[in-house]
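One line per chain: the protein sequences are V and Y, in this order.
Numbers given in the numbering used here equal positions in the first sequence, counted from 1, plus 3.
Numbers given in the numbering used here equal positions in the second sequence, counted from 1, plus 613.
These aren't lab readings, by the way, just hints derived from the structure by calculation.
Errors might be hidden in some of the hints.
BS3-like mimics (lysine-lysine), calculated; alpha carbons at most 30 angstroms apart, straight line [claimed, not checked]:
(1) K12(V) - K655(Y)
(2) K73(V) - K655(Y)
(3) K60(V) - K655(Y)
(4) K17(V) - K655(Y)
(5) K60(V) - K684(Y)
(6) K684(Y) - K86(V)
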Amino acid sequence: DGGITQSPKYLFRKEGQNVTLSCEQNLNHDAMYWYRQDPGQGLRLIYYSQIVNDFQKGDIAEGYSVSREKKESFPLTVTSAQKNPTAFYLCATGQGRGETQYFGPGTRLLVL
Amino acid sequence: GESVGLHLPTLSVQEGDNSIINCAYSNSASDYFIWYKQESGKGPQFIIDIRSNMDKRQGQRVTVLLNKTVKHLSLQIAATQPGDSAVYFCAENMPGSARQLTFGSGTQLTVLP
Numbered sequence: 004d005g006g007i008t009q010s011p012k013y014l015f016r017k018e019g020q021n022v023t024l025s026c027e028q029n030l031n032h033d034a035m036y037w038y039r040q041d042p043g044q045g046l047r048l049i050y051y052s053q054i055v056n057d058f059q060k061g062d063i064a065e066g067y068s069v070s071r072e073k074k075e076s077f078p079l080t081v082t083s084a085q086k087n088p089t090a091f092y093l094c095a096t097g098q099g100r101g102e103t104q105y106f107g108p109g110t111r112l113l114v115l
Numbered sequence: 614g615e616s617v618g619l620h621l622p623t624l625s626v627q628e629g630d631n632s633i634i635n636c637a638y639s640n641s642a643s644d645y646f647i648w649y650k651q652e653s654g655k656g657p658q659f660i661i662d663i664r665s666n667m668d669k670r671q672g673q674r675v676t677v678l679l680n681k682t683v684k685h686l687s688l689q690i691a692a693t694q695p696g697d698s699a700v701y702f703c704a705e706n707m708p709g710s711a712r713q714l715t716f717g718s719g720t721q722l723t724v725l726p
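I would like the entire structure built from these sequences, with the hints used as guidance.
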């Protein structure tokens, strides 16, 4: 973390509701990533963006959407189509493919 | 498909002892590896990295060893301290892959007093 902020720390979603997780960075990194972490499992890539106004689906993009209008920001929306959204969501940044990724503090999403 | 895996899900060590955490990878084309530390409820923290043209790299109290012959990566922590208790996982980068980094599931290190 440090130059990467995620908010909120905890987020509660009601059934059928869309919620948006914020990720902001001041590291001037080109690439940004969203991962989902479930207990006892590794990180799974949801979406990533190499440059502004461009993003790519990861392994588990269904039920999620993103935007990259600014270099500093990469918000993730968890839509009502995501039937099992309870997880720890991690945003990361990096200089690009083949380089180190640095992580934010995470947002824990819970379903009411 | 190719994946990163860990030999042991849990590891307990006495405070002051050295810890060794292992990671096996199956893609011989992977050229960059990273070790992360993740404390409960927090984001992963970069520890150390190594590229495939190296066999060993040292940091402060940590050493990463890469054995390309058997596709094995290890993290050694010297004089393990209570603050080292966390989940450690490795990540690999495959050149030309759109998947970015691939992460293992992690090893829980517990430091005993």
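Check your understanding: Does K17(V) pair with K655(Y) here, judged by a C-alpha cut-off of 30 angstroms?
Key -> 24 angstroms, holds
Problem - Hint consistency between K60(V) and K684(Y) [alpha-carbon to alpha-carbon, up to 30 angstroms] - result: Since the Cα atoms of K60(V) and K684(Y) sit roughly 29 angstroms apart, the hinted pair holds (cutoff 30 angstroms).
30 angstroms limit on alpha-carbon distance, applied to hinted pair K73(V) and K655(Y): 25 angstroms, holds
Regarding the pair K60(V) and K655(Y), is the alpha-carbon distance no greater than 30 angstroms? 25 angstroms, holds
Given the hint that K684(Y) pairs with K86(V), does the C-alpha gap stay at or below 30 angstroms? 37 angstroms, violated
Given the hinted pair K12(V) and K655(Y), is their Cα-Cα distance within 30 angstroms? 10 angstroms, holds
Of the numbered hints given earlier, the model fails hint 6 alone.
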